[in-house]
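Please put together the full structure from these sequences, using the hints given.
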Amino acid sequence: MEFGKHLRTGVWGLAGKALPVAYGLGYVLLVIRVLPEEEFGNFVLLQEIFLILTGLATAIALQPLLKFASEEGGAGRGVMGAAFIVHAAFLAVTGITLVVLREPVGMVLRSSMLIDLLPYLPALLAAAILRNFVLALLQARFRLAAAFWVDAAHFLGAPLLVWGYSRLNMFNSALDLVMIAIISLSASSAVGVIVARRELPAMALPTGAEVRKVLDYGTFALGGVVSYLFTTKADTLFLSAFAGPVAVAVYNAAKVFTRVFDMIPQVVQMFVLPTTSRLSSRGEQHALQALGEKAVSFTTIATLPVTLLFLLAPGLFFDVLYGGRYQEAVPVLRVFSALGLVVPLYAVGSSILMGLGEARSVFKLGLQMLFLSLAGYLILIPPLGAVGAAAAYTAASAIVAFTTTRRLRAQVPLTVGSILRRERDVRSFIRDAFRKGADRTR
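No gaps in the numbering here: position 317 of the sequence shown is 317 in my numbering, and each next residue is one more.
Bear in mind the hints are in silico, worked out from the structure with no lab data behind them.
Take these hints with a grain of salt, some might be off.
Said to hold, decoys possible - What follows is a list of derived Cβ distance ranges for each label pair:
{"no.": "1", "residue 1": "Val100", "residue 2": "Leu374", "range": "24 to 30 Å"}
{"no.": "2", "residue 1": "Glu284", "residue 2": "Val34", "range": "50 to 56 Å"}
{"no.": "3", "residue 1": "Leu29", "residue 2": "Leu205", "range": "34 to 40 Å"}
{"no.": "4", "residue 1": "Arg278", "residue 2": "Val320", "range": "52 to 58 Å"}
{"no.": "5", "residue 1": "Glu103", "residue 2": "Pro201", "range": "42 to 48 Å"}
{"no.": "6", "residue 1": "Ile301", "residue 2": "Leu175", "range": "39 to 45 Å"}
{"no.": "7", "residue 1": "Leu200", "residue 2": "Ile96", "range": "35 to 41 Å"}
{"no.": "8", "residue 1": "Pro201", "residue 2": "Ala313", "range": "23 to 29 Å"}
{"no.": "9", "residue 1": "Leu25", "residue 2": "Pro331", "range": "18 to 24 Å"}
Backbone N, C-alpha and C define an ideal beta-carbon position, used for all residues, glycine too.
Written out as structure tokens, the structure is:
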């Protein structure tokens, strides 16, 4: 079955993107329930700034690399070099700029501690440069097992370091967590150099035309990523600006559980985007439609149990995992549960559009979402605090999902009925997988 082929190809990708979930669990047990709320809230602010910058750098430099390297013939040596230079230069310039502007940034976000943490931001970004570049290259080559080990060095290494530091009574502040992140990201980059030793020597100094090729695609890809980052990261910054780092700590005590939803777009993109590029270049429209229908159906079914769990039993998470702390975050997690119904639409739709080369369309959708998200945060956060941030976040995500799907239908005729009918294919695949597993045990 073609769908089974795609899914088996993504098994290592799924394992790799499940690592942030394991990281999140370690984060809950070793960080959130241990650090004082103000220390935790300030680390979250620095972390969100880091993730925003690396997300923007990925859009402008690494998504073009993933696109061109996945097509027939692959990316040229100069294009690889251009992607690396653009990626590193963007992170260097933005990181240094924020260090220079750290005092006004800290004032806007109501955090004097953040002013002391921002000078460490360039070191965090530098530690991640090779890691992120290698991950994009490995995904384009479908070397997902290698990508898993690169990610594991950070997502498993960081919790292990936290545990070790705690055992030595050396873990009690946001700065301790920053230093641990620098070490684990550096280790991840080192693993990346080892596993990509065949690919990295293929890079060459780019021509001006190759740099423009990367920037032309990356500029439009930036629109879709800005939209995603604005709905997933800016909520924390707005909440801090209105309520301070302690409110951020409460909010993120619930938001950390949404990592299970965050990994879905990444997993889907790992095999839907390059597969879409290949099917489109071959003119296989029917296979492309089937891929979209099955991907939406499967991801929706996969997220439904989590959605119900977050809706019906959020208090259980906080009683068991936080030892009674952060009870005020229970309604926040209930609001977040609705993400399970909209994330599959966004994940599949945006990946197919990017694979079809519709970066300009994604850019326009992203610009529209900037205004909608801004309005939601400004209207809901001041009166409702953390619950308002969650409501605005979820509403913005829903709008992104449905507008992306509507734009996709102009290229690939997906309908609710066709997606629901694919549920039978998913059941058939699961049944066949269990049957084969049972046969092997006999």
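For each hint, the structure was consulted:
1. Val100 - Leu374: 24 to 30 Å: Holds, since Val100 and Leu374 (Cβ atoms, about 25 Å apart) stay within the stated range.
2. Glu284 - Val34: 50 to 56 Å: holds (52 Å)
3. Leu29 - Leu205: 34 to 40 Å: At 47 Å between Cβs, range violated.
4. Arg278 - Val320: 52 to 58 Å: With a Cβ separation near 45 Å, Arg278 and Val320 fall outside 52 to 58 Å, so the hint is violated.
5. Glu103 - Pro201: 42 to 48 Å: holds (43 Å)
6. Ile301 - Leu175: 39 to 45 Å: Given a distance of about 43 Å, which is inside 39 to 45 Å, the answer is holds.
7. Leu200 - Ile96: 35 to 41 Å: Once the Cβ atoms are compared, 26 Å apart, the range 35 to 41 Å for Ile96 and Leu200 is violated.
8. Pro201 - Ala313: 23 to 29 Å: violated (52 Å)
9. Leu25 - Pro331: 18 to 24 Å: Holds, at about 22 Å.
Comparing the model with each numbered hint stated earlier shows that hints 3, 4, 7, 8 do not hold.
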